[in-house]
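*Asks:* So the chains spell out like this:
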Amino acid sequence: MPLNPFFLSGSKGEQGLIQDLINEQIKMYGVDVHYIPRKFLTKNTVLKEVIESQYDSAFPIEAYISNSNGFGGQGTLLSKFGITEVDDLTLVISREIFELYITPLQKNLEDIELATRPKEGDLIFFPLGDRIFEIKYVEHESPFYQLKKNYVYELRCEPFRYGNEVIDTSIDVIDKSVEDEGIITTLSFVGGGRTATAQVIMGLQYVTEVFVNEDGNGYDFPPSVTFSPPEIPGGFTARGFALTTSVGDASSVYDVILSSAGSGYENPPTITFAGGGGAGAAATASIAGVGVTGIIGFQMFDRGEGYLDDGDAVITVTPPNDVNLAPGAGVTAVGIASVQNGQVVSINILNSGIGYTGAGISTEISVTVSSPRYAGFGTYLFNEIVTGQTSGVEARVKSWDAPSRVLKVANVSSNVQNVSFYPGEVVVGSSSSAYYKLAEYDSEDLNDPFAENKDIETEADAILDFSESNPFGNY
Amino acid sequence: MLGTYYYHEILRRTTIAFATLFNDIHIRHRKKGTDKTTDIKVPLSYGPIQKFLARLEQQPELERPVQNVLPRLSFEMTNIQYDASRKTSITQTFKACEDGGQIKKVFLPIPYNIGFQLNMMSKIEEDTHQVVEQILPFFQPAFNLTVDLVDSIGEKRDVPVILDSVSFTDDYEGDFSSRRVLIYTFNFTVKTYLFGPIADSTDGLIKKVQVDLYSNTDVQIAKRETRYTVTPDPIDASPDDDYGYNESIENLFDQ
Chain W
234 MPLNPFFLSG
244 SKGEQGLIQD
254 LINEQIKMYG
264 VDVHYIPRKF
274 LTKNTVLKEV
284 IESQYDSAFP
294 IEAYISNSNG
304 FGGQGTLLSK
314 FGITEVDDLT
324 LVISREIFEL
334 YITPLQKNLE
344 DIELATRPKE
354 GDLIFFPLGD
364 RIFEIKYVEH
374 ESPFYQLKKN
384 YVYELRCEPF
394 RYGNEVIDTS
404 IDVIDKSVED
414 EGIITTLSFV
424 GGGRTATAQV
434 IMGLQYVTEV
444 FVNEDGNGYD
454 FPPSVTFSPP
464 EIPGGFTARG
474 FALTTSVGDA
484 SSVYDVILSS
494 AGSGYENPPT
504 ITFAGGGGAG
514 AAATASIAGV
524 GVTGIIGFQM
534 FDRGEGYLDD
544 GDAVITVTPP
554 NDVNLAPGAG
564 VTAVGIASVQ
574 NGQVVSINIL
584 NSGIGYTGAG
594 ISTEISVTVS
604 SPRYAGFGTY
614 LFNEIVTGQT
624 SGVEARVKSW
634 DAPSRVLKVA
644 NVSSNVQNVS
654 FYPGEVVVGS
664 SSSAYYKLAE
674 YDSEDLNDPF
684 AENKDIETEA
694 DAILDFSESN
704 PFGNY
Chain B
5 MLGTYYYHEI
15 LRRTTIAFAT
25 LFNDIHIRHR
35 KKGTDKTTDI
45 KVPLSYGPIQ
55 KFLARLEQQP
65 ELERPVQNVL
75 PRLSFEMTNI
85 QYDASRKTSI
95 TQTFKACEDG
105 GQIKKVFLPI
115 PYNIGFQLNM
125 MSKIEEDTHQ
135 VVEQILPFFQ
145 PAFNLTVDLV
155 DSIGEKRDVP
165 VILDSVSFTD
175 DYEGDFSSRR
185 VLIYTFNFTV
195 KTYLFGPIAD
205 STDGLIKKVQ
215 VDLYSNTDVQ
225 IAKRETRYTV
235 TPDPIDASPD
245 DDYGYNESIE
255 NLFDQ
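Line by line, the protein sequences are chains W and B. The first sequence begins at 234 in this note's numbering and counts up by one. The second sequence begins at 5 in this note's numbering and counts up by one.
Among the hints, a few may not be true.
To be verified - With a straight-line Cα cutoff of 20 Å, these simulated EDC-like cross-link-like pairs (lysine to aspartate or glutamate) come out:
no.: 1; chain 1: B; residue 1: Lys35; chain 2: W; residue 2: Asp542
no.: 2; chain 1: W; residue 1: Lys281; chain 2: B; residue 2: Asp174
no.: 3; chain 1: B; residue 1: Lys35; chain 2: W; residue 2: Asp289
no.: 4; chain 1: B; residue 1: Lys108; chain 2: B; residue 2: Glu65
no.: 5; chain 1: W; residue 1: Lys409; chain 2: B; residue 2: Glu159
no.: 6; chain 1: B; residue 1: Lys211; chain 2: B; residue 2: Glu254
no.: 7; chain 1: W; residue 1: Lys313; chain 2: B; residue 2: Asp174
no.: 8; chain 1: B; residue 1: Lys45; chain 2: B; residue 2: Glu137
no.: 9; chain 1: B; residue 1: Lys36; chain 2: W; residue 2: Glu332
Treat the hints as calculated values from the structure; they're not laboratory data.
So here's chain W without its partners, still in its complex pose:
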């Protein structure tokens, strides 16, 4: 027998009314959660598994908590794999709200599968307790076809089993909820170092520049360089050193660097080369004119610490200070640092400059030494990618402790067999551009309260005789 055609069991209007009432009830009695769709990055075909997932978008939606007396499930369990949270959560969300506000936002995202409904495997960020749940089942027929239609989705959820998946939704409270979770290794960076400081020494009638006229040959190592003394009594003899170069079998002098420009010269000094195993090098010098003062040297005030090499300490001298100087006539002095054992031991002169006034140790003209580069700079950002500049190894930032210079990272990846940062390399942040020099990489301490890898390794050192090697250490 057919149904009575004079009675409608569900018109569009009635269905819309019920949907509106349900939406309103959920908005009044629900909680705001975030729906986080899973991105399927890598799938294993035959075994039918998603190997790599990522969660980088989150959509707010109101949800009604079905189990209002607390979480369902078995609660907190202790298993052989540590403590496990088996709290069940059942949420009810409006079918209409999901289809209107979440489906359009996620359907065009790359690597999203099935955007038309909430789906198993996606995550829910539950704000009460800041927990992340995984949807294990979506019930779409409860209540069962009221007025011939279903109005809600019932999401049955369980806490997320975390396997170092990237959660980068740009919503801090969600992303940082897993800041301390997962398998995390530790990068410790070198100490901060100390910036060197120096002062300029002013002098009169000094050597402004040295020109190598003959580079000679056969110089297996740099010859000593001697300047003739100044004519004016009380002046200082200029000092310098030679730089040599080799082209094929021929070694020659290619430059002379002044360590002191001297003072009291009325005529350009004579420059002689001695030693070095070669012969034939010759150079001349230009001097500042009568009564002209300028920078004749640099005196180290503090040698600093933590410099990598000569290029790591960049020297900057203030521009000429002579007020009577014609526009464009001044030349800024140029210095170059000499670094030994991490310290700037001296600053030599590439160019003494023109247009400086003063006498003795000047307080008007300053010289600045850059901070040691690998003292580091900047603040690593949570979830950004950092890269070891030598190893090419990448990792994702979990946390950065600036005072102790400790960076905790996860998802360490590389395209070589040995996936490990190298001590001594600089690690650069992709978004922050922060960089620091690595002192130590601890891949043993996994920063997981369950893991005892490091303790086992330490204790075993005193017990086991692996005089050959541990074969289980090779991937």
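Assemble the complex: chain W is given as a structure, and chain B must be docked to it using the hints.
*Replies:* Structure of chain B alone, referenced to chain W:
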């Protein structure tokens, strides 16, 4: 008879030695769109733990954002059994020298088989395959470890670790109220030795070595020709002293 206190920590040492085998297992996944692989060192821990300690260490803030972290390896001791096939004389002793040079008398150890179980829990089967393939080829079916069982006498023994069986559970069937649980179980037998008390030897330190040389290997008829004797100099030197040797060679042609 029983009651002489001693504790060599042999069971603990055996456990640590066993665990070390699985302390550097890695899992790698290729990152999409790159030539890079992500490397995960699999966390390893002894399974049994005091409950209050587990709660304090693993859940100090009470609320945890996730259920747990996977993959994980866990191991535990499952049984201890006497191994009659390695039985030796119970009264036989050997001498060992302690760190300080003291001579000790040690009874031969008692052979025991310790059962261990290694478990691995993972989210995906691919991970378990990687771990299994890094473990199984080393056990044919045994892998020998050289373990310093009693460090006071420097007693290093080769301890075979035998892989008895591998099994796994993969609960993927059923309704959707529970998720898939993937656990691999490896059962091992570790053939270790338990040492009894170690006593001070009544014998003194050997301070004289004497060798008689014969002209023929037939000692029944051959006569001794030379007696070679070595003693420390000074004679009362202890093993840690800076001492020399006195050598004497005595001709015995006429005897």
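*Asks:* Take the hints in turn and mark each one as holding or not.
*Replies:* Hint by hint, here is what the structure shows:
{"no.": "1", "hint": "B/Lys35 - W/Asp542", "result": "violated (37 Å)"}
{"no.": "2", "hint": "W/Lys281 - B/Asp174", "result": "holds (14 Å)"}
{"no.": "3", "hint": "B/Lys35 - W/Asp289", "result": "holds (16 Å)"}
{"no.": "4", "hint": "B/Lys108 - B/Glu65", "result": "violated (52 Å)"}
{"no.": "5", "hint": "W/Lys409 - B/Glu159", "result": "violated (51 Å)"}
{"no.": "6", "hint": "B/Lys211 - B/Glu254", "result": "holds (18 Å)"}
{"no.": "7", "hint": "W/Lys313 - B/Asp174", "result": "holds (17 Å)"}
{"no.": "8", "hint": "B/Lys45 - B/Glu137", "result": "holds (15 Å)"}
{"no.": "9", "hint": "B/Lys36 - W/Glu332", "result": "violated (30 Å)"}
Hints 1, 4, 5, 9, counting from the list given before, are not met by this structure.
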